[in-house]
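> Residue numbers (this note's numbering), protein chains in the order written: chain A, 33 to 135; chain B, 201 to 371.
Hints may contain errors.
When the alpha-carbon atoms are kept at most 35 Å apart in a straight line, the in silico DSBU-like pairs for lysine-lysine are as follows [stated by the list, open to error]:
{"no.": "1", "chain 1": "B", "residue 1": "250", "chain 2": "B", "residue 2": "229"}
{"no.": "2", "chain 1": "B", "residue 1": "370", "chain 2": "B", "residue 2": "229"}
{"no.": "3", "chain 1": "B", "residue 1": "250", "chain 2": "A", "residue 2": "123"}
{"no.": "4", "chain 1": "A", "residue 1": "123", "chain 2": "B", "residue 2": "285"}
{"no.": "5", "chain 1": "B", "residue 1": "229", "chain 2": "B", "residue 2": "285"}
{"no.": "6", "chain 1": "A", "residue 1": "123", "chain 2": "A", "residue 2": "59"}
{"no.": "7", "chain 1": "B", "residue 1": "285", "chain 2": "B", "residue 2": "370"}
{"no.": "8", "chain 1": "B", "residue 1": "292", "chain 2": "A", "residue 2": "123"}
{"no.": "9", "chain 1": "B", "residue 1": "229", "chain 2": "A", "residue 2": "123"}
{"no.": "10", "chain 1": "A", "residue 1": "59", "chain 2": "B", "residue 2": "285"}
{"no.": "11", "chain 1": "A", "residue 1": "59", "chain 2": "B", "residue 2": "330"}
{"no.": "12", "chain 1": "A", "residue 1": "59", "chain 2": "B", "residue 2": "292"}
Think of the hints as simulated: they come from the structure by calculation, not from any bench. Here the structure is a predicted model, which is why all the values come from computation and not from measurement.
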Amino acid sequence: MEITMIYYLVPALVMFCCGVYGFITRKNMIAMLISLELMLNAVDINFVVFNRYLFPEHQEGMFFTLFAIAIAAAETALAIAIIINLFRSAKNIDVADLTKMKH
Amino acid sequence: MESVGSIIMYLIIALSIVVFSVLTVTTRKILRAATFLLFTLFATAALYFKLDYEFLGAVQIAVYAGGIVVLFVFSILLTSHPGDKSERLVSKQRVLGLVAAIATFAVGAWALLSRCGQALVALPAMENPKMHAIGEALMGTGEYQYLLPFEAISVLLLACIIGGVVVARKR
Numbered sequence: 033m034e035i036t037m038i039y040y041l042v043p044a045l046v047m048f049c050c051g052v053y054g055f056i057t058r059k060n061m062i063a064m065l066i067s068l069e070l071m072l073n074a075v076d077i078n079f080v081v082f083n084r085y086l087f088p089e090h091q092e093g094m095f096f097t098l099f100a101i102a103i104a105a106a107e108t109a110l111a112i113a114i115i116i117n118l119f120r121s122a123k124n125i126d127v128a129d130l131t132k133m134k135h
Numbered sequence: 201m202e203s204v205g206s207i208i209m210y211l212i213i214a215l216s217i218v219v220f221s222v223l224t225v226t227t228r229k230i231l232r233a234a235t236f237l238l239f240t241l242f243a244t245a246a247l248y249f250k251l252d253y254e255f256l257g258a259v260q261i262a263v264y265a266g267g268i269v270v271l272f273v274f275s276i277l278l279t280s281h282p283g284d285k286s287e288r289l290v291s292k293q294r295v296l297g298l299v300a301a302i303a304t305f306a307v308g309a310w311a312l313l314s315r316c317g318q319a320l321v322a323l324p325a326m327e328n329p330k331m332h333a334i335g336e337a338l339m340g341t342g343e344y345q346y347l348l349p350f351e352a353i354s355v356l357l358l359a360c361i362i363g364g365v366v367v368a369r370k371r
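Only chain A is shown next, with the shape it has when bound in the complex (with noise of 0.2 Å):
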């Protein structure tokens, strides 16, 4: 058996479509960021396979990935602080019952 990109792509591909039912069913704030970082990962892993199997003489997918990692650590870093900003005034995280700026 030889294992070629498709092999990996797909679980890549159940990883990210996990993300997206995760992100669209659940209610706490940290829960779908928790799936946005299931999503990112998935990415990341389509990134590596392709320059590897493709261009494995070029670096670019890892670097890609590497910038990709930085940025999603800040985003999460970022967001976590303004989830537990909102949870101070609001004793909340539920997007449900996050309306006071609805209107």
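With chain A's structure known, arrange chain B on it following the hints.
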């Protein structure tokens, strides 16, 4: 032709990616969701190691498992009781989520099978990117070198630190 050990490694990694990412979004306790996310990220790091990107795997473990998951766990403990279960899903919402996920899967799988299905390339030989080469590529300004994005990331991180302090401080 792949060796048997490599195929077994691949099966373990692929299975754990699929199983743990499904568990991450279906478990009702949020602390468990964070733990399963950690396992998914470890499996991803193992995948990077298997594809010979050792530096990337190390970064994945250090930044994701060491940084982001710890942040998640702290914020979960700060904002909810650990034993809390999220309420049972309304069936309408679950159906909506399932439809969106399955539609994404169908479109993605169709695109993969029709475009990459025939690109049955075996794993080409590659030397592991050496630390020396990675450092030169991050610090150079020539072709295939990335000083500008590197500096942009550093400015972004600085802005993120300042933003985090401003947002989270007490009024």
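> Can the restraint linking residue 59(A) and residue 292(B) be considered satisfied, given a maximum Cα separation of 35 Å?
holds (14 Å)
> If you draw a straight line from the CA of residue 229(B) to the CA of residue 285(B), is it 35 Å or shorter?
Holds: residue 229(B) and residue 285(B) sit about 5 Å apart, inside 35 Å.
> Would the pair residue 285(B) and residue 370(B) pass a check requiring their Cα atoms to be no farther apart than 35 Å?
Cα-Cα ~29 Å, so holds.
> Hint check: residue 123(A) vs residue 285(B), CA-CA at most 35 Å. Holds or violated?
holds (17 Å)
> Would the pair residue 370(B) and residue 229(B) pass a check requiring their Cα atoms to be no farther apart than 35 Å?
holds (29 Å)
> Checking one constraint from the list: CA of residue 250(B) to CA of residue 229(B), max 35 Å. Satisfied?
holds (32 Å)
> Quickly compare the C-alpha distance for residue 59(A) and residue 285(B) to 35 Å and report which way the hint goes.
holds (12 Å)
> Does the structure keep residue 59(A) and residue 330(B) at a Cα separation of 35 Å or less?
Between residue 59(A) and residue 330(B) the Cα gap is close to 44 Å, so the pair fails against 35 Å, i.e. violated.
> Decide if the proposed pair is consistent with the structure: residue 292(B) and residue 123(A), CA atoms, cutoff 35 Å inclusive.
holds (27 Å)
> Need the status of pair residue 123(A), residue 59(A): alpha-carbon distance at most 35 Å?
Distance of about 15 Å is within 35 Å: holds.
> Straight-line Cα separation of residue 229(B) and residue 123(A) no greater than 35 Å?
Distance of about 19 Å is within 35 Å: holds.
> Quickly compare the C-alpha distance for residue 250(B) and residue 123(A) to 35 Å and report which way the hint goes.
It is violated: about 44 Å lies between the C-alpha atoms, which goes past 35 Å.
Hint violations for this structure: numbers 3 and 11, all remaining hints satisfied.
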